Amino acid sequence: MVPYSARRQLVGRAIGLGLWLSLFLAAAALCDLSPEILRQGLGKAPHFAREFLPPLWATAEEMVEPLLSTLALASAASLLGMLLAFPVGLAAAANIVPTWLRLLVRILLGAERALPEILQLLFFVVALGLGPFSGMCALAFSSIGMLGKLVGDAIEEADDKVLESLKATGASFWQVIRYGLLPQVLPSLAANALFRFDVNVRSSVVLGAIGAGGIGAEIARSMGMLQYNRATMAVLGSLILIYAAETVSGQLRRRLLEHGR
Amino acid sequence: MLVVDALTKTVPGGRRVLDGVSFSVGAGEFVGILGSSGAGKSLTLRAISGLTELDSGEVRFACEDGTMCCVTRARGKALRAARRQMGVIFQGLHLVKRMTVIENVMMGRLGFIHPLRSWLYGFTDAEAREALEALDQVSMKPLAGRITGSLSGGEMQRVAIARAIFQRPRLYLADEPIAALDPRNAEAILNLLQPLSRHNPVVSTFHQPELTRRFCTRVVGIREGRVVYDGSPELSRSELAGIYGIQEAQAV
Numbered sequence: 001m002v003p004y005s006a007r008r009q010l011v012g013r014a015i016g017l018g019l020w021l022s023l024f025l026a027a028a029a030l031c032d033l034s035p036e037i038l039r040q041g042l043g044k045a046p047h048f049a050r051e052f053l054p055p056l057w058a059t060a061e062e063m064v065e066p067l068l069s070t071l072a073l074a075s076a077a078s079l080l081g082m083l084l085a086f087p088v089g090l091a092a093a094a095n096i097v098p099t100w101l102r103l104l105v106r107i108l109l110g111a112e113r114a115l116p117e118i119l120q121l122l123f124f125v126v127a128l129g130l131g132p133f134s135g136m137c138a139l140a141f142s143s144i145g146m147l148g149k150l151v152g153d154a155i156e157e158a159d160d161k162v163l164e165s166l167k168a169t170g171a172s173f174w175q176v177i178r179y180g181l182l183p184q185v186l187p188s189l190a191a192n193a194l195f196r197f198d199v200n201v202r203s204s205v206v207l208g209a210i211g212a213g214g215i216g217a218e219i220a221r222s223m224g225m226l227q228y229n230r231a232t233m234a235v236l237g238s239l240i241l242i243y244a245a246e247t248v249s250g251q252l253r254r255r256l257l258e259h260g261r
Numbered sequence: 001m002l003v004v005d006a007l008t009k010t011v012p013g014g015r016r017v018l019d020g021v022s023f024s025v026g027a028g029e030f031v032g033i034l035g036s037s038g039a040g041k042s043l044t045l046r047a048i049s050g051l052t053e054l055d056s057g058e059v060r061f062a063c064e065d066g067t068m069c070c071v072t073r074a075r076g077k078a079l080r081a082a083r084r085q086m087g088v089i090f091q092g093l094h095l096v097k098r099m100t101v102i103e104n105v106m107m108g109r110l111g112f113i114h115p116l117r118s119w120l121y122g123f124t125d126a127e128a129r130e131a132l133e134a135l136d137q138v139s140m141k142p143l144a145g146r147i148t149g150s151l152s153g154g155e156m157q158r159v160a161i162a163r164a165i166f167q168r169p170r171l172y173l174a175d176e177p178i179a180a181l182d183p184r185n186a187e188a189i190l191n192l193l194q195p196l197s198r199h200n201p202v203v204s205t206f207h208q209p210e211l212t213r214r215f216c217t218r219v220v221g222i223r224e225g226r227v228v229y230d231g232s233p234e235l236s237r238s239e240l241a242g243i244y245g246i247q248e249a250q251a252v
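Listed in order, the protein sequences are those of chains A and B.
Start counting the first sequence at 1; every next residue gets the next number (the numbering used here).
Start counting the second sequence at 1; every next residue gets the next number (the numbering used here).
Rather than coming from a laboratory, the hints here were simulated on the basis of the structure.
These figures come from a predicted structure and were not determined experimentally.
Misleading hints may appear alongside valid ones.
Each computed EDC-like pair below joins lysine to aspartate or glutamate, with the alpha-carbon atoms no more than 20 Å apart [said to hold, decoys possible]: (1) B:Lys77 to B:Glu58; (2) B:Lys141 to B:Glu130; (3) A:Lys161 to B:Glu155; (4) B:Lys141 to B:Glu155; (5) B:Lys77 to B:Glu53; (6) A:Lys161 to B:Glu176; (7) B:Lys77 to B:Asp65; (8) B:Lys97 to A:Glu156; (9) B:Lys97 to A:Glu164; (10) B:Lys97 to A:Asp160; (11) B:Lys141 to B:Glu127; (12) B:Lys77 to A:Glu164; (13) B:Lys97 to A:Asp159; (14) B:Lys97 to A:Glu258; (15) B:Lys97 to B:Glu155; (16) B:Lys97 to A:Glu157; (17) B:Lys141 to B:Asp125; (18) A:Lys161 to B:Glu53.
Go ahead and model the full structure; you've got the sequences and the hints to work with.
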């Protein structure tokens with residue numbers, strides 16, 4: 001018996017393609033996908049390009065402040081998230097806290113991660129009003145959701161022998177945490193926080209558009225006032241910011257992990 | 001100095017891993033604990049420093065004020081006070097690898113410093129100088145600033161001993177301090193431990209009867225959680241066979 005059959009291959013591939021096509025068409029029908037609208041939209045493309053281009057270079061200087069505000073928002077959220085992720089991570093680690101507490105914290109962290117940042121921002125806007133502060137809270141909160149879980153995992157993988165040898169010197173619980181555990185998890189926490197910073201810069205642009213201020217608000221406002229060239233300038237500014245954040249974050253992370261080994 | 005009295009411990013499943021272990025240690029002794037793997041040697045050491053729960057039995061130890069206190073029943077502050085007086089020499093792999101050698105040595109005195117201080121700045125310059133002296137005793141002074149993870153196994157073992165010396169304990173406990181070392185390094189480590197025992201007793205587990213014969217003042221043999229030998233380090237073939245549970249002819 002040859003464990004291969006050309007006919008079965010053909011049938012298998014046909015079924016796969018058919019499955020994909022039927023799922024896509026069903027979903028597209030629910031989205032009111034229509035080739036007609038697409039054709040009309042594409043026809044307007046040259047017109048739009050003329051509206052948006054070129055960027056209104058004269059407004060470049062005006063973009064600096066909202067860009068810095070967005071950067072500050074992302075930085076504050078990442079730093080706060082990093083700080084708070086450590087205690088939260090402790091409470092999510094099986095080798096530190098009782099099982100019921102670990103489970104509770106892990107469920108809360110999971111629920112937090114399942115909630116989109118935009119929804120979280122809406123809650124904070126209701127509580128704290130519009131502005132960068134609400135945006136910072138929303139991003140810090142979601143940073144804790146991710147970093148807390150990663151720190152918890154890192155703590156569970158930490159070398160228990162090191163902790164025990166410090167316990168044997170008569171060190172207190174918190175001293176063991178500070179001298180035995182923190183050095184083991186800090187490099188990975190910092191690396192993850194840098195990654196999260198990269199994510200937060202992107203998110204803060206989006207959140208800005210729906211109420212957190214900064215460059216996102218600038219883009220939304222320009223579009224609303226039909227100043228499309230100005231919006232293009234703002235988009236260009238945020239592209240530069242996001243690219244710079246990604247580069248810096250990646251470089252620092254690589255150095256950190258190389259050094260940490 | 002140290003009294004180990006009828007320690008028993010049963011693990012889930014019903015096996016008795018400690019079955020009435022008793023011995024005592026006095027001033028100036030270097031006690032070598034021999035036994036097969038799983039006989040209960042390491043567990044006995046862990047019980048002495050209060051790192052494992054026991055079913056029954058007591059560990060009594062001369063405390064800071066000179067009175068005998070019971071480690072087994074101590075909790076919280078009292079337990080930490082007892083642990084401060086015992087320098088446990090784990091295998092070097094228990095060091096914090098991302099920190100420097102000198103920081104690892106100074107951690108030996110964590111139990112003595114105020115928790116607030118340990119979060120603010122840690123140790124003082126005076127303590128650092130003392131730690132350097134401890135490193136000098138184990139010939140590791142030149143490597144004091146190195147990251148611990150970059151050391152060899154023998155070097156880490158020396159740092160672990162320096163940490164215990166820096167702690168200034170009244171008793172040293174060493175868990176297979178030479179298990180992962182080549183013969184030359186093993187000999188060097190024993191040459192460090194032996195002089196320590198003249199001031200404060202050393203209790204250490206070993207796998208090499210020929211080395212305990214040369215360096216220890218006394219040998220305690222443990223087999224299946226029971227003390228089956230307690231006496232001179234000059235063991236006869238039949239005594240060794242008794243500890244390891246093998247035929248006399250096979251004993252070294």
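Does Lys97 (chain B) pair with Asp159 (chain A) here, judged by a C-alpha cut-off of 20 Å? Roughly 10 Å between the alpha carbons, so the hint for Lys97 (chain B) and Asp159 (chain A) holds.
Would you check the hint for Lys141 (chain B) and Glu130 (chain B), treating anything up to 20 Å between C-alpha atoms as holding? 11 Å, holds
Pair hint Lys161 (chain A) and Glu53 (chain B), alpha-carbon separation not exceeding 20 Å: Cα-Cα ~17 Å, so holds.
Given the proposed pairing of Lys161 (chain A) with Glu155 (chain B), does the C-alpha separation stay at or below 20 Å? Between Lys161 (chain A) and Glu155 (chain B) the Cα gap is close to 18 Å, so the pair holds against 20 Å.
Are Lys97 (chain B) and Glu155 (chain B) close enough, with their CA atoms no more than 20 Å apart? 12 Å, holds
CA of Lys141 (chain B) to CA of Glu155 (chain B), is that 20 Å or under? Since the Cα atoms of Lys141 (chain B) and Glu155 (chain B) sit roughly 11 Å apart, the hinted pair holds (cutoff 20 Å).
Lys161 (chain A) and Glu176 (chain B) were given as a pair; does the straight-line alpha-carbon distance stay at or below 20 Å? Between Lys161 (chain A) and Glu176 (chain B) the Cα gap is close to 14 Å, so the pair holds against 20 Å.
Satisfaction of hint between Glu127 (chain B) and Lys141 (chain B), Cα-Cα up to 20 Å: Given that 20 Å is the threshold and the Cα spacing comes to 14 Å, the pair holds.
When you check the alpha-carbon spacing of Lys97 (chain B) and Asp160 (chain A), does it fall within 20 Å? 13 Å, holds
Holds or violated: are the alpha carbons of Lys97 (chain B) and Glu156 (chain A) at most 20 Å from each other? 17 Å, holds
For Lys77 (chain B) and Asp65 (chain B), compute the direct alpha-carbon distance and say whether it is at most 20 Å. Roughly 15 Å separates the two Cα atoms, so the pair holds.
Given the hint that Lys141 (chain B) pairs with Asp125 (chain B), test it: the Cα-Cα distance must not exceed 20 Å. 16 Å, holds
Violated hints: none; the structure is consistent with every hint.
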